[in-house]
Amino acid sequence: MSTMASTAYVRSEMVGPQKAPPSMIGPIGWARKNLFSSPINSVLSIVAALFIVWCLIPVIRFTLIDAVWTGDDRAACAQASGACWAYVKAYLPQFIYGRYPIDQRWRVDIVFLMLAVALVPMLIPRAPFKRLNALFLLTVYPLASFVLLTGGHIGLRGRFLPDDIVGPGPVRFALEFALVSFVIILLVGLGARLLGLRASQSGSAIGIVLGALAVVFMVVGADFGLVPVETANWGGLLVTLVVAVTGMVASLPLGVILALGRRSKMPVVRIASVTFIEVCRGVPLITVLFMASVMLPLFLPEGVTFDKLLRALIGVALFQAAYMAEVIRGGLQSISRGQYEGAMAIGLSYPQRMRLIILPQALRVVIPGIVGSFISLFKDTTLVAIIGLFDLLGQIQASANDAKWASPVTGITGYIFAAMVFWAFCFSMSRYAAFTERRLDRSRRG
Amino acid sequence: ASAGTLEDVKAKGFVQCGVNPSLIGFGVADEKGEWSGIDVSFCRAVASAIFGDPTKVKFSPLNAKERFTALQSGEVDLLSRNTTWTMSRDSSLGLMFVGVSYYDGQGFMVRKSLGVSSALELSGAKVCTQTGTTTELNLADYFRSHNMPYEVVAFEKNEEVLQAYEAGRCDAYTTDASGLYAERLKLTNPDDHMILPEIISKEPLGPAVRQGDDKWFTVVKWTLFALINAEELGLTKANIDEKKTADNPEIKRFVGVEGDFGTGIGLTNDWAYNVIKGVGNYGEIFDANVGPSTKLGIARGLNNLWSKGGIQYAPPIR
Amino acid sequence: MAAGDIGARSFGGRAAAIINNPSVRGLVFQIAFVAALVWFAWDIADNTARNLQKANIAAGFGFLDRTAGFGIVQKLVYYTEASSYGRALLVGLLNTLLVAGLGIVIATILGFIIGVARLSPNWLIARIATAYIEILRNIPLLLQLFFWYFAVLRAVPGMREKWTFLGIFHINIGGLHVPRPVFADGAGTVGLALIIGVVAAVLVARWGRKRQEATGQAPPAGWIGVALIIGLPLIAYFALGRPISFDVPVFNDQGPILRRGFQAGSGMTVIPEFFGLLLALSLYTAAYIAETVRAGISAVGHGQSEAAHSLGLRNGQTLRYVVIPQAMRVIIPPLTNQYLNLTKNSSLAVAVAYPDLVSVGGTVLNQTGQAVEMVTIWMIFYLGLSLLTSFVMNIWNRRVALVER
Amino acid sequence: MTEAIAVAEPPIALKVSSTDVALEMIDVNKWFGEFHVLRDINLKVMRGERIVIAGPSGSGKSTLIRCINRLEEHQKGKIIVDQIELTNDLRKIDEVRREVGMVFQHFNLFPHLTILENCTLAPIHVRKMPKKEAEDVAMHYLTRVKIPEQANKYPGQLSGGQQQRVAIARSLCMSPRVMLFDEPTSALDPEMIKEVLDVMVGLALEGMTMICVTHEMGFARQVANRVIFMDGGQIIEQDEPETFFTNPKHERTKLFLSQILHH
Amino acid sequence: MTEAIAVAEPPIALKVSSTDVALEMIDVNKWFGEFHVLRDINLKVMRGERIVIAGPSGSGKSTLIRCINRLEEHQKGKIIVDQIELTNDLRKIDEVRREVGMVFQHFNLFPHLTILENCTLAPIHVRKMPKKEAEDVAMHYLTRVKIPEQANKYPGQLSGGQQQRVAIARSLCMSPRVMLFDEPTSALDPEMIKEVLDVMVGLALEGMTMICVTHEMGFARQVANRVIFMDGGQIIEQDEPETFFTNPKHERTKLFLSQILHH
Ligand SMILES: Nc1ncnc2c1ncn2[C@@H]1O[C@H](COP(=O)(O)OP(=O)(O)OP(=O)(O)O)[C@@H](O)[C@H]1O
Ligand SMILES: Nc1ncnc2c1ncn2[C@@H]1O[C@H](COP(=O)(O)OP(=O)(O)OP(=O)(O)O)[C@@H](O)[C@H]1O
Ligand SMILES: [Mg+2]
Ligand SMILES: [Mg+2]
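As they're listed, the protein sequences go chains A, B, C, D and E. First residue of the first sequence? That's -11 in the numbering used here, and the numbers climb one at a time after it. First residue of the second sequence? That's 209 in the numbering used here, and the numbers climb one at a time after it. First residue of the third sequence? That's -15 in the numbering used here, and the numbers climb one at a time after it. First residue of the fourth sequence? That's 5 in the numbering used here, and the numbers climb one at a time after it. First residue of the fifth sequence? That's 5 in the numbering used here, and the numbers climb one at a time after it.
Check each hint, because a few of them may be wrong.
Within a straight-line C-alpha distance of at most 16 angstroms, the following computed EDC-like cross-link-like pairs (lysine to aspartate or glutamate) qualify [stated by the list, open to error]:
1. A:Lys392 to B:Asp422
2. B:Lys266 to A:Asp152
3. A:Lys7 to E:Asp44
4. C:Lys38 to B:Asp422
5. D:Lys82 to D:Asp44
6. A:Lys7 to E:Glu38
7. E:Lys132 to C:Glu197
Bear in mind the hints are in silico, worked out from the structure with no lab data behind them. Note that the structure is predicted; figures quoted are calculated from it, not measured.
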């Protein structure tokens, strides 16, 4: 140990921080660290740089340098070796509205505008009135959009009252509705009495539902003086958004029900939910769409028909609901047992526990998942083109063969344009999902 | 539904008509959503017959796969979508064709640069077509019966067939000849392509209705006949008002001045007058949509009146 | 769960107690639920039967024996227009499996490369990988499919021209033309030799591992294996007097223009529809697999590779023995999902004329009107596939689950 | 950890009703699958009584009190709370839960609601109280647990001790006639234990009927009328705290006490 | 926590080679980006020496020993291990790593391999040892760290202390000439610390060259030849443990020692 005495050492003056060698800092340091940290990396960097140039040059040439920006018909693009943006410009209204009558397009604009105005504050975490806003988005907005887009005034004629009492028409429908409502309220009241619940309470719940239904019927049946526009004339971005948004809005409650069903203690309910979910997730969307377009009519009694767009919507919504159910189930599983028990211990009933405690928390957790599955849905809307609906892609495809603009570059320009639109939508949504995910992480930690 | 299609149509106030959304000359909608084409005009004619108003019609664009279910399920009242009348469709799809509105036949379009002048030279060719139609079957029959090898590339939609053909994926594009003329217009250089003279199949195209509703069947059938008869009688949209008063008993019966033909089929007696007033006669429709003066430039050919060398022939109104 | 002596002492009647019993309520609800389901199903079945009867369509799978009458451009088994609908569907099914199988292989390889690239310390490489993922994942597959298909069609030479690689691979718009092997007597023996070669290679590999365990030194088992797999069949091939000949694609550049180009029936052709679909499917899925792989690798803590390094394991060994085995546990389940997605997505074939099960089935449906039967066949196929996969996955998952305290 | 209280205060003497039964368990048995967790439990709690349950881990203490408000179902025997027998009858379960408040080890506050909302939720939705009134009640109890100023914060922003006090206030807002506590302080840091125990002592002073699973022996000494010792799913011994701690009868009790007191 | 050892044993006296240099650092400097972590480090370790490095958090202790087996790259100066200078040469890095064993704070066992496989992985693949032999060696070291019976379990099934002992055994299986420890006990519960320290003392007794970042001052007193105190990326003071603890010279050392010893 004495040998070690010589190693005793006490620092007399401190070494101050020195500047890092130039190879460590600044652009050089950065490049050395990130691009040329080893011989292999240097080679890779050079190859990668060349690859980028090799990819970008033709893309830039095609989309910008050699592109045709102006022109009135295919003559402008016939000889072009770049994109034919003139064609996109000429067709832009069609890409957005399809064949929606030109003088009625303001209605679509309003629908788009309302969506933007209602959605943006919804997405900003700090914006106030979330609940009201959501209520608007899930009730008023769909109803208003329906009336605006179709023109409303659907012929409610009633079904079963004999013609000689009152002829088919809104009056008969109203009468029948009142009659049915009365019977339902009566039955519910009786049932509640039997179960020993307070009749007034269940009655008012049913009353609210029936009242809401009545309002819905009144709105869709009323004549607002709008020209009816058939869904066959809808197209482009309008159809894409209608399919995506409706699919989403409809699949949310369905997904919640399925997810709860899958976790239910009742075997029948559980098995039914699991079967539905797994079947939907196990088959390609396009077979579901084929089924909706070809088979659904077979399922319905004679004379009952659905609009083609509506059929696609049903198919998409059911399909999406299965995926949504799995996302929501993930959220439900992340809620600790203690929350269920806490809610039980203060005396909340099952519906109350779900509505007040579990779902609000679970849904918040799954926002990124929901946005993620919305992105898939948004991309999948293109498949409706296969069953002959004119979504953005279908519209672009149809127009690329329009005799007026057909040229070798028209089709590819259309596809590039569609790609840019879809990319912009999906990419911003995926960024948003990432943002909420980070926010959730933070709030969970903090 | 229970009451019969005619009553239903009258009750709802319009005819729901299934058409092709993208076949120039037969069924196509322009940018503004205005529909045109022979099949479309026929729908309007039916609306005119029932309501005296050619605009009381709504169109459902249908693709090849959906069209029959759409009709069977009652989604449309009438299918007027360049559909070939075949026995199996009458027998096993639950349809009834009311007649032939256009005598067509399957043909081939090729590039002129191929130097081919007859379909019989197409041995070994690659042929593009749309799936789910009779064309696929005719094609197979034709090449097999001539002992020629071939390869078929079958797409889901017209647009895709055309893009593939244009890109050079196949030597020939086959569909009904009328369709070929229409599709050719969409090519970058229509003049580089030609339609071969051979017609390899009989393709009588006509409107169809559901089986089991004879009343409706009769209305639609006679609307078609009225169009043809009008041409024969020389009645046009322009001159019908003036000829209405003519002494010709045939015309008198036609416009409903004489006889009770309209009420007999559940319509008003001036139903035929309304049809012509609304859409013109068969010849007018043909000329306006596909005739030589249009971009399609198809000659009357078989579709001329029987009296003028064609085979369009309608039973008389009497 | 005997409810004991209900209502013996407490208030409320017996009836109320029964009605308020959750299990009774559950039972009633379930019975009502089943009744509703049955009624619903019965209603649908009834409507369908009536509708079909009206349309004069006989229910049942009898139509599968009828003659199809249409041609199919790519068939792995014998098929002509005169074959039956059933056979046509088989052709479609095999085509689906072919494109899905190959797509899975390519997507996996590509996905792993890109996933690893995304974690590369090289900034440029990581950025390229990120860009690839962000672009491909956010554009609908159908659009990409059109893009690739028509881009491929426009990029390659026309029907009367060709690009040739290595003298035997020819590419033009008609597809990739390669020699088709023709088997004569003795070809079976060559096949047998190949099988023996593979078995031997496996044995050698196993011997190699044993040897390494015993001596610490690894013999070049890999090379020996390769030599066996290639060498044995070659020896058999020449020894038996070349029992396998090749039908070379015939390219004709004389005569009438239509006659020029590759002659039908010669060689083997891989159609461009297949390439377009394969390209789109594998590029698209690779983007997802890359994300999966990245997540899997990131899930293996940094400490693991540090520990491996400090034990003296080299980068490659660290990856092979430490990082990848752990990453795989995280990667495999989502990877399986991606495989299933790819298989399901292959149904988009219908858009580019590739005759897969859905596309051929669609034609059959349209010719026969047997919608219910066709949709049933589709569902059974895809469902069966996913059920099978998840079954296998569950077993595998249970086997590799980390043992915890 | 037990020092916080053990040192000081003398036991609280309070009137306990001798006729008014708050809760009775008669021959209660419970199984988890094959496992017999509760064995022939007999327990009678008079109104105003304060009972502490102690015992080694896994002895069934939590299960016992969770049976009382039917978070767990028992399979044999009777549980009668406030003259209501707990059966499968949903309405009775609801009624019992309304009468019985419960405080958990991990608080189980609802993180998506503010403190005030946590407290008013049940009064509004279960007792159908007007919101204004529910808020007044909630503020009253929050003041009592000494955190009125936190009413508009979220649980995540509070310390563990504060959260547990909110949990107690939340239960009190339903004006329960019996309060159950399942190790309310065992997830807390030592300095927070006292603030929670103080609140509980306050409750006891007001005569609340309480059943409390805890290892805070100081608290037991000061507050309980009776200490129950459980092991292996059965009640081994019960007695007044003084006797229980100074003179345990059963071997297991002695062993257990020696462990926790000398820890 | 330091009591476990501090109380008892006297310092271990062992021969240290005076000529045989195990490791030398000459004017080593390292930056993380702009941040100067290691400043002019000069350190010579003789074979058989046992060095303890102490210092406040963030002073660069971990970075220093991680530079020794090139888990971090230094930018200036020389590091020579066993006469091999660490440069960018991959082969030399490999060689150094084979000679140097390292034990981490968080064990970093491979969770997908059994204990035995954890220990044999490197010998088989790096030292090209036959499997059988590697297993014998592994069992030998596992026995030495007193867990031979756990050989076929997975790390997840072991307690922290056991895992850290496996980590030590795993390093030993490569027969390193120098062992580095980076706070090997700071992630462990108190009762496990002793079992790990015991193993380390055993190693020291056998004359292993060790560099150990730790705050276990009892261990330092008993085992180290030299204690090095770092702060701000520099070596502030080094001395024999006795002198170091009883008579620190530098102000910062005094401050640091007063803090950790009175903790
Ligand atoms: N849901 C359950 N399913 C199966 N066994 C359970 C369940 N809940 C508890 N047990 C078991 O029942 C026994 C009693 O558990 P209980 O939680 O009542 O004990 P405890 O006395 O509260 O213990 P601690 O002091 O650890 O909280 C334990 O062995 C436990 O493992
Ligand atoms: N990879 C890195 N990049 C940037 N800074 C780092 C990195 N690793 C460590 N540092 C910084 O270097 C300084 C020294 O870190 P080091 O881990 O060596 O400290 P330490 O003395 O081991 O501290 P502790 O006792 O907390 O482990 C710290 O300020 C730390 O934040
Ligand atoms: Mg407990
Ligand atoms: Mg450190």
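Here is how each hint holds up against the structure:
1. Note on Lys392 of chain A and Asp422 of chain B: the hinted pairing is violated, with a Cα-Cα distance of about 43 angstroms set against a maximum of 16 angstroms.
2. The suggested pairing of Lys266 of chain B with Asp152 of chain A is violated, with an alpha-carbon distance near 30 angstroms, which exceeds 16 angstroms.
3. Between Lys7 of chain A and Asp44 of chain E the alpha-carbon distance is near 13 angstroms, which keeps this suggested pair within the 16 angstroms criterion.
4. The hinted pair formed by Lys38 of chain C and Asp422 of chain B meets the criterion: a straight-line CA distance of about 15 angstroms does not exceed 16 angstroms.
5. Distance hint between Lys82 of chain D and Asp44 of chain D is fulfilled; the C-alpha atoms sit about 10 angstroms from each other, no more than 16 angstroms.
6. Note on Lys7 of chain A and Glu38 of chain E: the hinted pairing holds, with a Cα-Cα distance of about 7 angstroms set against a maximum of 16 angstroms.
7. Restraint check for Lys132 of chain E and Glu197 of chain C: the C-alpha separation of about 9 angstroms stays at or below 16 angstroms, so the hint holds.
Checked against the numbered hints above, the structure breaks hints 1 and 2 and satisfies the rest.
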